[in-house]
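A.B. asks: One letter stands for each residue in the lines below.
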Amino acid sequence: MSPQDNYLATPSGLFFEDFTLDQELVHGVPRTITEGDSSLYVALTGSRFALNCAETVARAAGFYRTPVDNLLVFHIAFGKTVNDISLNAVANLGYAEVLFKTPVFAGDTLEVTSKVIGLKENSDGKTGIVYVHSVATNQYHQKVLCFKRWVMVHKKQGEVHLDTPIIPKMQAVIDNDEQLVPKNLDLKLWKEHYSDHQIKADDLNPGDILFHRDGITLNDSDHSMATRLYQNNARVHFDQHLMDNTAAGKRLVYGGHIISLCRALSYNGLGNGLWLGAIHGGTHANPSYAGDTIYCQSKILDVKQFNRRDDIALVRIQSLGIKNSMPDELPYLMREENGRKRYHDNLVLDLDYSVLMRR
Amino acid sequence: MSPQDNYLATPSGLFFEDFTLDQELVHGVPRTITEGDSSLYVALTGSRFALNCAETVARAAGFYRTPVDNLLVFHIAFGKTVNDISLNAVANLGYAEVLFKTPVFAGDTLEVTSKVIGLKENSDGKTGIVYVHSVATNQYHQKVLCFKRWVMVHKKQGEVHLDTPIIPKMQAVIDNDEQLVPKNLDLKLWKEHYSDHQIKADDLNPGDILFHRDGITLNDSDHSMATRLYQNNARVHFDQHLMDNTAAGKRLVYGGHIISLCRALSYNGLGNGLWLGAIHGGTHANPSYAGDTIYCQSKILDVKQFNRRDDIALVRIQSLGIKNSMPDELPYLMREENGRKRYHDNLVLDLDYSVLMRR
Amino acid sequence: MSPQDNYLATPSGLFFEDFTLDQELVHGVPRTITEGDSSLYVALTGSRFALNCAETVARAAGFYRTPVDNLLVFHIAFGKTVNDISLNAVANLGYAEVLFKTPVFAGDTLEVTSKVIGLKENSDGKTGIVYVHSVATNQYHQKVLCFKRWVMVHKKQGEVHLDTPIIPKMQAVIDNDEQLVPKNLDLKLWKEHYSDHQIKADDLNPGDILFHRDGITLNDSDHSMATRLYQNNARVHFDQHLMDNTAAGKRLVYGGHIISLCRALSYNGLGNGLWLGAIHGGTHANPSYAGDTIYCQSKILDVKQFNRRDDIALVRIQSLGIKNSMPDELPYLMREENGRKRYHDNLVLDLDYSVLMRR
Chain X
1 MSPQDNYLAT
11 PSGLFFEDFT
21 LDQELVHGVP
31 RTITEGDSSL
41 YVALTGSRFA
51 LNCAETVARA
61 AGFYRTPVDN
71 LLVFHIAFGK
81 TVNDISLNAV
91 ANLGYAEVLF
101 KTPVFAGDTL
111 EVTSKVIGLK
121 ENSDGKTGIV
131 YVHSVATNQY
141 HQKVLCFKRW
151 VMVHKKQGEV
161 HLDTPIIPKM
171 QAVIDNDEQL
181 VPKNLDLKLW
191 KEHYSDHQIK
201 ADDLNPGDIL
211 FHRDGITLND
221 SDHSMATRLY
231 QNNARVHFDQ
241 HLMDNTAAGK
251 RLVYGGHIIS
261 LCRALSYNGL
271 GNGLWLGAIH
281 GGTHANPSYA
291 GDTIYCQSKI
301 LDVKQFNRRD
311 DIALVRIQSL
321 GIKNSMPDEL
331 PYLMREENGR
341 KRYHDNLVLD
351 LDYSVLMRR
Chain G
1 MSPQDNYLAT
11 PSGLFFEDFT
21 LDQELVHGVP
31 RTITEGDSSL
41 YVALTGSRFA
51 LNCAETVARA
61 AGFYRTPVDN
71 LLVFHIAFGK
81 TVNDISLNAV
91 ANLGYAEVLF
101 KTPVFAGDTL
111 EVTSKVIGLK
121 ENSDGKTGIV
131 YVHSVATNQY
141 HQKVLCFKRW
151 VMVHKKQGEV
161 HLDTPIIPKM
171 QAVIDNDEQL
181 VPKNLDLKLW
191 KEHYSDHQIK
201 ADDLNPGDIL
211 FHRDGITLND
221 SDHSMATRLY
231 QNNARVHFDQ
241 HLMDNTAAGK
251 RLVYGGHIIS
261 LCRALSYNGL
271 GNGLWLGAIH
281 GGTHANPSYA
291 GDTIYCQSKI
301 LDVKQFNRRD
311 DIALVRIQSL
321 GIKNSMPDEL
331 PYLMREENGR
341 KRYHDNLVLD
351 LDYSVLMRR
Chain A
1 MSPQDNYLAT
11 PSGLFFEDFT
21 LDQELVHGVP
31 RTITEGDSSL
41 YVALTGSRFA
51 LNCAETVARA
61 AGFYRTPVDN
71 LLVFHIAFGK
81 TVNDISLNAV
91 ANLGYAEVLF
101 KTPVFAGDTL
111 EVTSKVIGLK
121 ENSDGKTGIV
131 YVHSVATNQY
141 HQKVLCFKRW
151 VMVHKKQGEV
161 HLDTPIIPKM
171 QAVIDNDEQL
181 VPKNLDLKLW
191 KEHYSDHQIK
201 ADDLNPGDIL
211 FHRDGITLND
221 SDHSMATRLY
231 QNNARVHFDQ
241 HLMDNTAAGK
251 RLVYGGHIIS
261 LCRALSYNGL
271 GNGLWLGAIH
281 GGTHANPSYA
291 GDTIYCQSKI
301 LDVKQFNRRD
311 DIALVRIQSL
321 GIKNSMPDEL
331 PYLMREENGR
341 KRYHDNLVLD
351 LDYSVLMRR
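Protein chains in written order, with the working numbering: chain X, 1 to 359; chain G, 1 to 359; chain A, 1 to 359.
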């Protein structure tokens with residue numbers, strides 16, 4: 001750096017003071033999803049849901065071709081929001097009302113817009129919470145995916161900014177069942193072996209618990225490849241030199257990768273849960289790092305019929321991601337402590353979502 | 001786990017007692033192979049055989065488009081069988097009569113069925129050997145690939161099950177040459193540089209040995225990505241928490257990945273061995289783990305003319321995979337000991353196969 | 001190895017004595033680039049330039065479909081030359097006149113030819129420098145990419161070979177601006193958000209410096225997957241057993257991977273630098289290994305108008321790749337020492353190139 005050097009500022013993301021209520025952010029880097037992305041998704045997560053794996057199966061189920069895995073769609077849409085919303089995030093606090101509205105096929109191009117729907121300063125004076133509603137659309141301007149999320153974001157200065165917090169209302173559960181079912185989905189021609197002859201919605205009851213047996217160990221290369229594929233540029237996932245100065249000293253695994261691993265693991269037992277229709281809420285209870293082995297256990301929250309159809313039912317599931325222990329190796333997964341939910345240190349994900357399942 | 005919890009069983013694969021002679025298993029998760037899968041195959045193995053890399057080359061060789069690498073087809077077909085056949089396997093004991101019958105192109109969808117052709121209890125009372133014949137078909141119901149394999153599988157109980165072992169006959173070598181040559185394959189227009197001006201079938205004689213020079217070091221991320229791409233869900237490849245309790249303490253590399261690496265390494269010297277037509281037999285002599293460097297040496301077993309054609313010959317090859325040593329760094333690769341073949345601890349693969357090679 | 005074994009030689013690349021002036025080398029393994037390759041490129045590098053990411057954007061910019069990233073084209077073309085030119089290289093000394101002449105689209109097939117344009121023996125008697133001009137063409141025999149490079153190559157014997165060194169002329173800068181602009185490129189319909197509302201060419205002045213903030217840590221699996229994807233078979237990138245005997249004891253990262261990382265990192269700040277038109281020169285100042293974190297800082301060398309067009313300008317940039325330190329953590333990046341440029345040990349890349357940038 002010599003005296004005559006003229007340093008230009010490079011984008012550093014928005015800070016809490018940069019957000020205003022109803023602000024609209026049109027995110028960068030539109031993205032065409034390809035078969036290459038889907039192959040990588042399988043290679044990185046091990047997902048095996050048949051509807052996303054074979055054109056013959058997709059056609060038998062009413063699609064004209066293989067739909068892209070909804071979680072791949074979610075990660076790519078989420079990735080687009082990071083550069084504006086969460087580059088200066090301390091933490092992703094939660095998701096709600098994640099709704100997959102239109103199937104995505106290879107060749108579709110996604111763009112994402114977010115609107116600020118809430119703002120709240122924290123008492124520490126250094127951070128605030130930003131609530132956004134993000135919408136991904138395809139090249140036909142159809143809404144593909146909507147979701148709300150809230151993140152704790154650094155302030156630039158630490159000065160007071162807002163008098164009254166604005167906290168948006170969020171539905172605990174998306175309960176308009178019509179929204180969850182793709183128009184053409186039809187499982188009447190589904191063959192038993194497509195999904196390994198597994199149990200169906202009619203075999204499930206609220207309260208049933210399934211431990212999905214398989215475990216998957218995270219490698220730095222896997223999770224950082226996945227996160228780069230999603231063009232999510234949060235530095236904590238990639239930059240070890242930066243992370244050397246943190247308490248953990250390691251690159252943080254993108255929480256969405258854990259969601260994908262848990263969904264992929266749930267194939268063992270819930271392989272007939274073919275279509276992820278909505279995520280009602282999600283919490284990354286603890287961080288994950290390379291070397292951690294992820295297991296998943298699911299609890300059936302609800303089984304609902306839909307329009308008297310005898311091919312599909314709506315099943316609401318709570319999936320828990322657990323690291324480095326099978327559930328029976330831990331004294332508890334979560335428990336009440338002074339009226340608050342407390343997660344075991346090895347519990348990494350608490351996800352509440354609905355799938356369409358064969359009856 | 002609270003008293004009212006209702007744990008449902010999740011699929012745990014078949015045990016020795018679950019198999020019966022002539023039983024037919026229709027495996028799950030049909031799979032459309034895409035160009036994305038082929039790109040990943042190149043990135044994971046380093047394969048360079050020109051017929052699988054370029055549409056111009058494939059057309060010059062009589063195909064209407066680029067055929068998918070036969071080993072990628074094999075791994076995807078094999079992967080489908082794991083969930084039923086070998087989830088409780090102690091070891092994959094061998095392969096025979098692996099025959100590639102119809103070329104596969106991007107867009108083709110594979111389904112796989114296996115038939116139990118043999119069963120044998122082991123004297124330890126805890127395991128048995130299951131012999132299966134697997135057939136992969138495409139969306140036109142054409143047979144794409146057939147193979148036999150035998151695996152040692154755990155018993156559930158350890159009780160006696162079978163009176164008489166049934167051991168199927170298996171051909172040592174697929175000797176119907178017609179079966180090995182794709183109908184349209186024609187190498188008359190092949191250009192020397194396509195395959196780096198390398199030696200041709202007419203330059204080879206039985207007994208010739210080629211050391212393929214290059215080495216490739218295994219990373220955990222590579223082999224587990226490959227194995228997930230193939231949707232092979234054997235836990236030993238992915239779950240470090242599980243493997244912590246084994247003697248080696250490491251995730252086991254899928255044996256098929258070693259086959260692919262050896263085939264890719266053999267390009268150096270045998271780059272004109274364009275079409276892998278059949279695998280006559282294969283043994284995973286020792287396990288491989290991340291950090292191991294794989295080398296390959298091949299011996300020409302046989303060179304045969306086919307139908308008086310002057311563009312191709314059939315070459316039978318024995319390729320040996322060796323870890324962490326070049327062949328001349330070892331006192332022996334395999335030797336006779338008390339009348340039995342004994343492999344050096346660093347020898348990981350002994351593969352007997354036929355390729356179609358330019359004359 | 002028994003007495004009757006007949007070892008055949010396998011290809012070992014060319015040595016200095018094998019090269020002659022004007023020699024033409026037609027490289028092996030033609031390659032069709034697919035959408036799968038582009039997905040992998042994003043996953044391995046984190047690149048986000050919108051023109052290469054979305055069909056809607058590419059069409060708005062005058063292309064009939066999404067062009068393949070020029071650096072992916074470069075790596076695949078470069079990879080094809082390795083087997084002949086640089087398998088016995090001590091070091092890649094430099095590049096010049098790298099010019100992207102025709103856009104590449106998924107489905108295009110590349111072949112590469114190189115001509116020897118210079119030869120120079122080194123005084124050590126053991127090595128020499130080979131200068132080559134490589135040309136990649138597509139299936140329509142259009143020139144896609146031309147580049148010159150020079151490498152230090154081992155001699156077979158160490159005997160004297162050449163009387164007079166022949167050192168080709170090379171342009172310091174490709175200055176025919178017509179060559180840098182794809183015929184149909186038109187940024188009049190470009191939308192601000194495509195490239196995250198970043199600065200444009202008119203905001204830049206020679207001497208401006210931008211530090212691109214993000215860092216990316218190399219994993220062995222990432223760089224070796226990238227290098228295998230490019231079918232670059234230089235052993236130093238893959239073979240740990242071989243590298244155990246080197247001073248560093250580690251697999252060397254392919255220098256081109258560092259170029260791609262720096263270009264991808266430069267999106268932060270130079271996201272409107274949509275089309276990489278030429279690389280005027282490049283030096284790999286120091287090696288990189290797994291575990292290193294790469295940062296990038298760029299200096300604007302020149303901003304030029306082109307044909308009075310008000311949508312694009314030509315911007316010449318010097319990007320420096322730096323490992324394990326942000327630029328302000330180092331006392332200097334490069335400096336003059338006794339009249340020679342001396343790089344800091346943490347500086348890994350010095351790249352001089354031109355991009356087409358929005359005005």
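Hints may be right or wrong, so weigh each one.
Intra- or inter-copy, both count: the list cannot distinguish identical chains.
Listed next, the in silico DSSO-like pairs over lysine-lysine satisfying Cα-Cα at most 30 Å (straight line) [claimed, not checked]: (1) K115 <-> K191; (2) K126 <-> K304; (3) K156 <-> K191; (4) K188 <-> K143; (5) K250 <-> K143; (6) K200 <-> K156; (7) K191 <-> K341.
Treat the hints as calculated values from the structure; they're not laboratory data.
A.B. asks: Against this structure, judge whether each hint is valid.
C.D. replies: Evaluated hints:
1. K115 <-> K191: This pair counts as between: shortest inter-copy Cα distance 19 Å, intra-copy 43 Å.
2. K126 <-> K304: Intra 45 Å, inter 44 Å, cutoff 30 Å: neither.
3. K156 <-> K191: between (57 Å within a copy, 29 Å between copies)
4. K188 <-> K143: Result: close both inside a copy and across copies, 27 Å intra and 27 Å inter.
5. K250 <-> K143: neither (37 Å within a copy, 45 Å between copies)
6. K200 <-> K156: between (52 Å within a copy, 25 Å between copies)
7. K191 <-> K341: Neither: 42 Å inside a chain and 46 Å across chains, both beyond 30 Å.
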